[in-house]
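Enquirer: One-letter residues, chain by chain:
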Amino acid sequence: MRSLLPILTVVLAIFVIWYGMAVKLNAPWAYDKAKRAEVSLSFSEMVADTWSQEKPRLPAPHQVTAEIWKSTGAMVLRGKAFSKRSLIFHGWVTLSATALGFVLGTLLGILLAVGIVHNRAMDMSVMPWVIASQTIPILAIAPMVIVVLNAVGVSGLLPKAVISMYLSFFPVVVGMVKGLRSPDHMQLDQMRTWHANRWQTFWALRFPSSMPYLFTSLKIAMAASLIGAIVGELPTGAQGGLGARMLTGSYYGQTIQIWSALISAAVLAAILVGIIGIIQGATLKRMGMVR
Amino acid sequence: MSLVTGVVVFWLAAWMTNVWLSQRGNSRAVQFFVPALFGVSILVLWEGVVRGFDINAVLLPSPSAIGLQFSRELDTLWIDFVQTFVKGALSGYAIGCGAAFLTAVAVDRSPFLQRGLLPVGNFVAALPIIGMAPILVMWFGFDWQSKSAVVVVMVFFPMLVNTVQGLQASDHMQRDLMHTYGASYPQALLKLRLPAAMPFIFNGLKICTTLALIGAIVAEFFGSPIKGMGFRISTEVGRLALDMVWAEIAVAALAGSAFYGSVAMIERSVTFWHPSQRG
Chain A
101 MRSLLPILTV VLAIFVIWYG MAVKLNAPWA YDKAKRAEVS LSFSEMVADT
151 WSQEKPRLPA PHQVTAEIWK STGAMVLRGK AFSKRSLIFH GWVTLSATAL
201 GFVLGTLLGI LLAVGIVHNR AMDMSVMPWV IASQTIPILA IAPMVIVVLN
251 AVGVSGLLPK AVISMYLSFF PVVVGMVKGL RSPDHMQLDQ MRTWHANRWQ
301 TFWALRFPSS MPYLFTSLKI AMAASLIGAI VGELPTGAQG GLGARMLTGS
351 YYGQTIQIWS ALISAAVLAA ILVGIIGIIQ GATLKRMGMV R
Chain B
2 MSLVTGVVVF WLAAWMTNVW LSQRGNSRAV QFFVPALFGV SILVLWEGVV
52 RGFDINAVLL PSPSAIGLQF SRELDTLWID FVQTFVKGAL SGYAIGCGAA
102 FLTAVAVDRS PFLQRGLLPV GNFVAALPII GMAPILVMWF GFDWQSKSAV
152 VVVMVFFPML VNTVQGLQAS DHMQRDLMHT YGASYPQALL KLRLPAAMPF
202 IFNGLKICTT LALIGAIVAE FFGSPIKGMG FRISTEVGRL ALDMVWAEIA
252 VAALAGSAFY GSVAMIERSV TFWHPSQRG
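Chains as they are written, first to last, in the working numbering: chain A, 101 to 391; chain B, 2 to 280.
Read the hints as simulated data drawn from the structure, not as lab findings. Watch out, some of these pointers could steer you wrong.
Stated by the list, open to error - To be clear about the criterion: a stretch of chain B counts as covered by chain A if any three or more of its residues have a C-beta under 8 Å from a C-beta of chain A, and this derived list gives those stretches:
# : stretch
1 : 8-21
2 : 52-61
3 : 77-84
4 : 121-130
5 : 161-173
Unchecked claim - Capping the alpha-carbon separation at 27 Å, the derived lysine-lysine pairs in DSSO-like fashion look like this:
#  : chain 1 : residue 1 : chain 2 : residue 2
6  : A       : 184       : A       : 135
7  : A       : 278       : B       : 207
8  : A       : 135       : A       : 155
9  : B       : 207       : A       : 319
10 : A       : 385       : A       : 278
11 : A       : 135       : A       : 170
On a predicted model such as this, the values are computed, not experimentally measured, just so you know. Just so it is clear, CB atoms sit at the ideal spot from N, CA and C, and this is done for glycine as well.
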């Protein structure tokens, strides 16, 4: 709680800067309009105009909030929560791809990590490539993966999920390898004294002690997975999803629409990471790992 | 079919060699050779599968076809590389990381701002910042300036969070010692806290290398002049010229690895004292 006040200050500062930038960026258009209508603008009129334009260069926060409410809450009230104009619909499309990719990526990551920890040859030959695979800007392949999978006849959810999976498996591999190796010699010796085999050592010692590492990586993986899903929607003219919403917004100059999609994506990311955080807290408490 | 069998046999043989080698020694040569052999065997497997099953080049071109295209289109690839990597990614990386570093040093004297900035920065670093790309392209136009701006926004927060954390890394004993020496704030910063922060700063710099390249390429999907890696990828995918797309990906992979590798090398010479860099 000690850091609540500083955080609020920083957030407040961001909002002040945002409103200020909105005035600065939108002012030329406001003056231009006034000149053509042959009226002169006072400063307060100009500020009011910059905060309420229809296609501003930078929409003010309250405009974005209003747009988000219009395309979520207001549509729910009219019973059209899943119409194509609703952000809930687009958010759902993105969320399902994110979730599928996240689950696949986590499974792949854990499997690879288990292999790497138990097999020296795999450690030496695969690990460098796992790391190298992340220095490659993999998002660049996103359009190709989607087009190729479309050509094979796989379309819809799966191609996007594949991109999410590729982005999310890496943090899981690295975190899990670290976690599965975190038991120290003393503990491993103890398992040996009890004559535990590899399988028992894994379930009774390695896997439980990797939990804190796993959850930390899961948070990163979830954020990466969402980015993958959004970028996967960009290049192919997808019909639904927050990424498609941003792209159509940028085609038609609907800045408010872009920003509302962006903010919804941010809220979605925060909720997803928050859920993992809650599960993390509960699990680690149950396991007696929280001090 | 015999081709596929042969390739699979080769792959298995390479794998057995790796298992045998990895059980032997842990010398430098082995550490280099094992992953290299694994990579080569994957390439051979790929080539064999594409030829053996006669896979359409539109779906998955063979490595040799990609290599051929690479050598044929060197000029185009170079122009794209300069446009996207040198102009877009590198300039944005320098500006973004520089600005984040200076901001971190500036808020260093105020614990109040630090307590506020760290959680907010961590939060923003987890957001899909890449979504800012269409907005920034609208503001800064189609040329490299907008790509550079996207990169600045993407690298700023990860770098800021790492630097702020790094500046807190020196422990009380060390700071007390500086105090005993009567060191002024700038002296303590330069002699103790910045060197102690270096491992964190380089961690941030390394994360940002990948982000920079991704940002520059993805920003080109939203509009660019008729050159650049992202532009080429999206147009060639439209024409189903997959060998060209793969050649661009190879360039991106080489550039990304070289970028990461050079930052890692600088790190090794600057933070030679850190446990993770020793023997």
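Enquirer: Assess, step by step, whether the Cα of residue 207 (chain B) is no farther than 27 Å from the Cα of residue 319 (chain A), and give holds or violated.
Expert: Judged against 27 Å, a Cα distance of about 20 Å means the pair holds.
Enquirer: Under the criterion that the straight-line Cα-Cα distance not exceed 27 Å, is the pair residue 135 (chain A), residue 170 (chain A) satisfied?
Expert: The hint is violated at about 32 Å.
Enquirer: Is the coverage entry for the stretch 77-84 of chain B by chain A consistent with the three-residue Cβ rule at 8 Å?
Expert: Violated - the stretch 77-84 of chain B has 0 residues with a Cβ nearer than 8 Å to chain A, which falls short of three.
Enquirer: So is the stretch 121-130 of chain B in contact with chain A by the C-beta rule, three or more residues under 8 Å, or is the coverage claim wrong?
Expert: Satisfied; 5 residues make the cut.
Enquirer: Between the stretch 52-61 of chain B and chain A, see if three or more residues pass the 8 Å beta-carbon test, and mark the coverage as holds or violated.
Expert: holds (count 3)
Enquirer: Residue count check for the stretch 8-21 of chain B against chain A: does it reach three with CB-CB under 8 Å?
Expert: holds (count 3)
Enquirer: Three or more residues of the stretch 161-173 of chain B near chain A by CB distance under 8 Å?
Expert: Check failed, 0 qualifying residues.
Enquirer: Taken at face value, is the distance from the CA of residue 135 (chain A) to the CA of residue 184 (chain A) at most 27 Å?
Expert: Not OK: residue 184 (chain A) and residue 135 (chain A) at ~39 Å, beyond 27 Å, violated.
Enquirer: Is it true that the CA of residue 135 (chain A) sits at most 27 Å from the CA of residue 155 (chain A)?
Expert: Roughly 18 Å between the alpha carbons, so the hint for residue 135 (chain A) and residue 155 (chain A) holds.
Enquirer: Is the hinted pair residue 278 (chain A) and residue 207 (chain B) satisfied, with a Cα-Cα distance of at most 27 Å?
Expert: holds, 19 Å
Enquirer: Are the Cα positions of residue 385 (chain A) and residue 278 (chain A) separated by 27 Å at most?
Expert: With Cα atoms ~21 Å apart, residue 385 (chain A) and residue 278 (chain A) stay inside 27 Å; holds.
The structure does not agree with the numbered hints 3, 5, 6, 11 stated previously, though it agrees with the rest.
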